[in-house]
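The listed protein sequences derive, respectively, from chains R and Z.
Quick note: the first sequence, position 236, residue 236 per my numbering, numbers continuous.
Quick note: the second sequence, position 318, residue 318 per my numbering, numbers continuous.
Wrong hints could be hidden among the right ones.
[Stated by the list, open to error] Going by beta-carbon spacing under 10 Å, a handful of chain Z positions derived as facing chain R:
| id | residue |
| --- | --- |
| 1 | ILE41 |
| 2 | GLU133 |
| 3 | MET158 |
| 4 | ALA360 |
| 5 | TRP413 |
| 6 | THR444 |
| 7 | GLU460 |
Keep in mind that the hints were calculated from the coordinates and are not lab data.
The C-beta atom is built at its ideal place from N, Cα and C for all residues, glycine as well.
The residues making up each chain are set out below.
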Amino acid sequence: MKILVPVKRVVDYNIKPRVKADGSGVETAGVKMSMNPFDEIAVEEAVRLREKGAASEVVVVSIGVQQAQDTLRTAMAMGADRAILVLTDESPEPLAVAKVLKTLVEKEGPSLVVLGKQAIDDDMNATGQMLAGLLGWGQGTFASKVDVVDGRVNVSREIDGGTEQVSLALPAIITADLRLNEPRYASLPNIMKAKKKPLETIPAADLGVDMTPRLTVVSVAEPAERKAGIKVGSATELVEKLRNEAKVI
Amino acid sequence: MSEPVRESMEFDVVIVGGGPAGLAAAIRLRQLSPQTSVCLIEKGSEIGAHIVSGAVIEPRALAELLPDWRERGAPLDTPVTAEDMFYLTETGSIRVPMLDKVMPHMANHGNYIVSLGEVCRWLAVQAEELGVEIYPGFAGAEVLIERNRVVGVATGDMGVGRDGKPGPNYQPGMELRGRYTLFAEGCRGSLTKQVMAHYDLRKDADPQTYGLGIKEVWEIPAENHRPGLVQHSFGWPLDNGTYGGAWLYHFGENLVSYGFVIGLDYANTWLSPFEEMQRVKLHLAFRQHLEGGRRISYGARALSEGGLQSIPRLTFPGGALIGDSAGFLNVPKIKGTHTSMKSGMLAAEAVVDAMKTDRAEPGSYTQKVRQSWLWQELRTARNIRPAFARFGAMGGAVYAGLDAMVLRGRAPWTLHFKHQDNETLRAADLCAKPFYPKPDGKLTFDRLSSVFLSATNHEEDQPVHLRLKNPSLWKTVNWDVFHAPEARYCPAGVYEVADEQTAPHLQINAQNCVHCKTCDIKDPTQNIDWTTPEGGGGPNYPAGM
Ligand SMILES: Cc1cc2nc3c(=O)[nH]c(=O)nc-3n(C[C@H](O)[C@H](O)[C@H](O)COP(=O)(O)OP(=O)(O)OC[C@H]3O[C@@H](n4cnc5c(N)ncnc54)[C@H](O)[C@@H]3O)c2cc1C
Ligand SMILES: Cc1cc2nc3c(=O)[nH]c(=O)nc-3n(C[C@H](O)[C@H](O)[C@H](O)COP(=O)(O)OP(=O)(O)OC[C@H]3O[C@@H](n4cnc5c(N)ncnc54)[C@H](O)[C@@H]3O)c2cc1C
Ligand code: SF4
């Protein structure tokens, strides 16, 4: 069984994003980029499934600029077997990404596609669902536990107030939530080995997919600044303040 | 518990540190000897992530290394177009006339204002194109010495818990073995320190003396931006006995680099470099540039200020020290980029020499340095910083003027440094407390909101990387005598005194550390040992730093 894992290169989660002076978007020039944290979880899960013998190959794919190669190399250092870069200078919207992934699914024939539940840059939470829709496959989103048994995949989903168990026929789509696993470090020896793993580059135009943006960004603004907090000396003081100043209890 | 085996890998040359020195050495090695395998590690999560610099740079070494740097798109985009030097008083300022005559070392014609982090990222691309293997996110944690020869370094273990025990994600470090190892860790390198001690490299040198630079990057309204403007100041708020001053450079797209350097041989234990840096912004000479803008980044880093007199022995069996690890900074110019790069290039040439005859020590490096413009330059500058240490700010400035106009750096004498920076603090009750205004949140800020802008992060569950060699000394020396100077000199708020009234003890918020190395230098008994945290930890400085 083959697993496909799409990984996105995003502004690193340690970086405080800065809105461009003209409000047209978030500054990315010279900003540290790394793999979307939920995609690390997706890669980890796929690699674990292969290590357990439930899968035979893990293929990672990124749609983006040349530097997304680094993201793919990181995924291979974590254990993915090979990588595909779909090269484009645009920042494609979820629908375009899902369409590109559909053509790759048709080409590669995976039984499982594991994505992150959302990318931390745009927080769209849409690509996995759209891909499931385009392919007509079952989906287990917000996964916190994944088991492949007898040609099916059982997924625990994080939902409001608890978890939901679903069982899907393969092929299927899974999107990873925070608690699914704790991704491993890419060790230095594995990073060295990953340099030699195969990475195929396909120009996006060659796939014949309509990637025209459907959304217009009107403006991007920073959240209003929070009022400075205070330090309380004791629990009693905290309760006193909550009661008499904030008047919330 | 049995030690898990570390993997190891062999290279011709291993370079520790991806600053200008390490990257220039790597590039030169592959240019001279394309079959030489070169591996470079950097503790920052990416190249440039830990670089803090002014920076006005001289392109001299770069032009020797990559003569076609312009065509290759080096990010040297803002030539210096105007410059001013001010002597500040609390309320006024005096512009130093005829700057290029009186202070020729401050003349910047032909130089560029850059983000040194960006320059390093670009150098790394050039190096990788030449076949250098670069691994950011891995710290050199241990020097490998066998039969008295340095044979490489080992990276730190990952996934070790706070208690020192391996956690579920444990990954042992890796040995990177090299026929030659170049230490390019910048100022106060943690492995360099061990190598210096092992081979007694400082035996014939003056003590190294240091400065601490604290920097902010601002984005200002386009109508106030004057790209290419360089401004320096000395005088207020420092007293005559304290060396330092502020800089302000307009560069890039509406960016301003603002910062403050202070000599770490300062004496007043109550002094707070961070707060000095903040309050200089309130002076009209600086305020008028920053008002209406917003601060977008913050960082801090120590620099070596000893110059020629403090340069240690440069080579040892199996390797050499390059860049600011060795102390090749031109102090009166506050420029170390070109000298660091040059030293890296010369060391690369010496390593290629040594490889031919399989000599253990790349000894020709020392001669090459002595015969180069690098040595000439440091020789000319050698008396200026010690003159400040000896005669104070005014006396030092007069000496510097004399040195420039009359002696032209050819004085038959050499002034020496007598003290290490950790020996200069005076007891708390002998010092006057400076008054520092409260941050206004517009021009001036507190430490924590500043550290936030450095995007500093360390994996929470790991051993504290700032180690007290003798924990009980903190109470008897740091607290009882000096009243916890680390709480003031640390620009990241790492050190806090807890339970001050009842049972004072030191709390170390190691996660905030921006790797400036000041505590390793200034602690009165050098009781604080800065060691490398898990690789990839530390600041994540954006472009502009
Ligand atoms: C990759 C990623 C994905 C995430 N996805 C989700 C998600 O899907 N859904 C979600 O809900 N969250 C998400 N988070 C956020 C994460 O779950 C939160 O960090 C977590 O919920 C915080 O809870 P805590 O109590 O563990 O945090 P803590 O770190 O214990 O508490 C942090 C909060 O407590 C306050 N605090 C701490 N100390 C004090 C003190 N001494 N006095 C007063 N106040 C104090 C802080 O101001 C802060 O607001 C994500 C985070 C990451 C990095
Ligand atoms: C505030 C300030 C202002 C300055 N202004 C100017 C200026 O205007 N013009 C100018 O020319 N120079 C300036 N300098 C000096 C210049 O920045 C330095 O001389 C130069 O950066 C030194 O280069 P380097 O490669 O030796 O060290 P660094 O630039 O310090 O680089 C060392 C690198 O090694 C890494 N490293 C350290 N230890 C390890 C380890 N154990 N394992 C892995 N990696 C490690 C560090 O993270 C860092 O990336 C300034 C310096 C400061 C601090
Ligand atoms: S703990 Fe030491 S090295 Fe870290 S920021 Fe503070 S003074 Fe600098």
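Can you name, in rising order, the numbers of the hints this structure does not satisfy? Per hint list: 4, 5, 6 and 7 violated.
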